[in-house]
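**Q** Residue-level listing of the chains:
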Amino acid sequence: MDSALYVMWHRQIKEYFRNKQRLIVSLVQPLLFLIAFGFGLGNSFQSSGNFNYIQYLLPGIVGMTIMMSSTMGGMSLIWDKKFGFLKETLVAPVSRINLLFGRCLGNATTSVFQGLIVLFLGYFMGFRIFNWSMFPLIILCMFFIALLFNLLGTSLAAKFDDMQSFPSIMNFLMMPMMFLSGAFFSTNNFPKVLQFIVKINPFDYCVSLLRFVISGIETNLLLDFMVVGILILLLGFLGTRLFNRMEV
Amino acid sequence: MNKEIVNVNNLLKKFGDFVAVDNINFSVKKGEIFAFLGPNGAGKSTTIKIMTTLSKANGGSVEINGFDVLKDKKKVRESIGVIFQDPTLDEDLTAYENLYYHSILYGISKAKRKKKIEDLLNYVGLLDRKNDFVKNFSGGMKRRVEIARGLLHDPKLLFLDEPTLGLDVQTRTFLWNHIKKVNKEKKITVFFTSHNLDEAEKIATKVAIIDHGRILIIGTSEEIKKKTKTKSLEKAFLKLTGYDIRVDKADGVDRMRRFRR
Ligand SMILES: Nc1ncnc2c1ncn2[C@@H]1O[C@H](COP(=O)(O)OP(=O)(O)OP(=O)(O)O)[C@@H](O)[C@H]1O
Ligand SMILES: [Mg+2]
Numbered sequence: 001m002d003s004a005l006y007v008m009w010h011r012q013i014k015e016y017f018r019n020k021q022r023l024i025v026s027l028v029q030p031l032l033f034l035i036a037f038g039f040g041l042g043n044s045f046q047s048s049g050n051f052n053y054i055q056y057l058l059p060g061i062v063g064m065t066i067m068m069s070s071t072m073g074g075m076s077l078i079w080d081k082k083f084g085f086l087k088e089t090l091v092a093p094v095s096r097i098n099l100l101f102g103r104c105l106g107n108a109t110t111s112v113f114q115g116l117i118v119l120f121l122g123y124f125m126g127f128r129i130f131n132w133s134m135f136p137l138i139i140l141c142m143f144f145i146a147l148l149f150n151l152l153g154t155s156l157a158a159k160f161d162d163m164q165s166f167p168s169i170m171n172f173l174m175m176p177m178m179f180l181s182g183a184f185f186s187t188n189n190f191p192k193v194l195q196f197i198v199k200i201n202p203f204d205y206c207v208s209l210l211r212f213v214i215s216g217i218e219t220n221l222l223l224d225f226m227v228v229g230i231l232i233l234l235l236g237f238l239g240t241r242l243f244n245r246m247e248v
Numbered sequence: 001m002n003k004e005i006v007n008v009n010n011l012l013k014k015f016g017d018f019v020a021v022d023n024i025n026f027s028v029k030k031g032e033i034f035a036f037l038g039p040n041g042a043g044k045s046t047t048i049k050i051m052t053t054l055s056k057a058n059g060g061s062v063e064i065n066g067f068d069v070l071k072d073k074k075k076v077r078e079s080i081g082v083i084f085q086d087p088t089l090d091e092d093l094t095a096y097e098n099l100y101y102h103s104i105l106y107g108i109s110k111a112k113r114k115k116k117i118e119d120l121l122n123y124v125g126l127l128d129r130k131n132d133f134v135k136n137f138s139g140g141m142k143r144r145v146e147i148a149r150g151l152l153h154d155p156k157l158l159f160l161d162e163p164t165l166g167l168d169v170q171t172r173t174f175l176w177n178h179i180k181k182v183n184k185e186k187k188i189t190v191f192f193t194s195h196n197l198d199e200a201e202k203i204a205t206k207v208a209i210i211d212h213g214r215i216l217i218i219g220t221s222e223e224i225k226k227k228t229k230t231k232s233l234e235k236a237f238l239k240l241t242g243y244d245i246r247v248d249k250a251d252g253v254d255r256m257r258r259f260r261r
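Chains Z and E, in that order, give the protein sequences. Take 1 as the starting number for the first sequence in this note's numbering and just add one per residue. Take 1 as the starting number for the second sequence in this note's numbering and just add one per residue.
In short, the hints are calculated from the structure, not lab data. The C-beta atom is built at its ideal place from N, Cα and C for all residues, glycine as well.
For lysine-lysine, the following BS3-like pairs were computed, each having C-alpha atoms within a straight-line distance of at most 25 Å:
#1 E:K184 - E:K206
#2 E:K74 - E:K56
#3 E:K115 - E:K181
#4 Z:K87 - E:K135
#5 E:K227 - E:K206
#6 E:K231 - E:K180
#7 E:K116 - Z:K14
#8 Z:K87 - E:K71
#9 Z:K87 - E:K56
#10 E:K29 - E:K73
#11 E:K135 - Z:K81
#12 E:K74 - E:K112
#13 Z:K82 - E:K14
#14 E:K56 - Z:K159
#15 E:K14 - Z:K159
#16 E:K75 - Z:K87
#17 E:K225 - E:K29
#18 E:K206 - E:K180
#19 Z:K14 - E:K135
#20 Z:K87 - E:K142
#21 E:K3 - E:K206
#22 E:K116 - Z:K87
#23 E:K30 - E:K186
#24 Z:K82 - E:K73
#25 Z:K81 - E:K56
#26 Z:K87 - E:K156
#27 E:K206 - E:K225
#28 E:K74 - Z:K81
#29 Z:K87 - E:K73
#30 Z:K81 - E:K142
#31 Z:K87 - E:K110
#32 E:K75 - E:K187
#33 Z:K14 - E:K114
Some but not every residue of chain Z turned toward chain E, in silico, with C-beta under 10 Å:
#34 S3
#35 A4
#36 V7
#37 H10
#38 E15
#39 R18
#40 G84
Please put together the full structure from these sequences, using the hints given.
**A** Okay, here's the thing in structure tokens:
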């Protein structure tokens, strides 16, 4: 394994598990969403529809957890800029593309871990994985989605470096992606304009993908995979460019 | 023997219209302890960032250990150890872990890692603190960890940007002695900046004084004192660079003064 890839991957994971406060916060937020949507929205849905809402909702919460923690993964780059560790890695005889990907893969691993915790918590609310033989594929899909949003967050963090504004910019980006998607409810009854936005929202494809592998709800699998794959390539390319040009 | 390990030719660096490094030329010979001195904002750190491949020049060329900093980045990076002006340790890791990741990044073989790291931590007197988090270290201890880390991969050339900033007399003495020792025993060329001119005078075998992005003089301390007819390097420095306090370039008055010059 490439040394830069390994070092960055290892370090991101180590620091995630070492910082207990951050660890707990990262797990409480999805739990809150799960409770609020599961009990709150779930009750009103079940009275009207006939599908099991928790089977529908849980992949959405998993997706949201992964998207949020992954984009915020960019924060660690901003910290490293501010506290100097970035320089130590940039001056080492390694390629920047591996520094970027190592970082993103490390963060992605921790995001997948958070996604799995959400799955586990779902079990207490009546959720069931529809087919255990899909489990490796579930992990793989979570991982790709985590990588996608890590590349997004880290690329943006390479460009901006203000500690205060970065989280607000990320939230500004994520909120519409989250709510103008089928993460929490079906978008079939949205007005035409909003339905169009859902169609160009990459997060919606991520959620469909998760919904298929986790709950077995039908989707256009090929299209979902293509959207995720192409975005990883594009953002990987963009991130590498930005990383190569970064001066500290 | 006296081959050049650093060659800087017509180096130019601008930030917008502001010229931070203004066509400078110098070279450093193997085995030298080279002091790069100048007032605040003179362009020292900017030059070091270009020499260490972290920043791109607007003109000119830099060769380190025979490799071009733009074309042969990897080779240049393998040849150098850098202690930056601002700290670059990961404070959430222990001293050992900081050095451990460094040893992987620089391709030190697994078999040698542990021994090398412990030897160097011992060398800077921190072996018994190796498993403590860096965030709990004092400024001087952090600096020593950085020096140990900079030496870990046996660089040919060591950059130290104000290595003794904010350190007490004991630690400063300790560090300068170390730097001398490293230079002598490990045959590492040293390139450093400092605002402590007495210390620089004592340790440097060659001195360059830079101000407003231009090199004013290069030579041994003796030569510089002779040329400026002064008794110490500090006096020579003041004579050459004047008594004005340097204000940041954003300051309009300073800017005007700079252009009037
Ligand atoms: N990224 C940057 N953008 C704009 N101006 C910069 C940047 N980096 C440095 N400068 C300017 O370039 C000039 C030289 O800065 P530099 O850090 O090289 O000075 P220095 O000689 O290291 O000073 P000091 O002794 O205070 O460390 C300063 O006027 C500084 O404000
Ligand atoms: Mg400086």
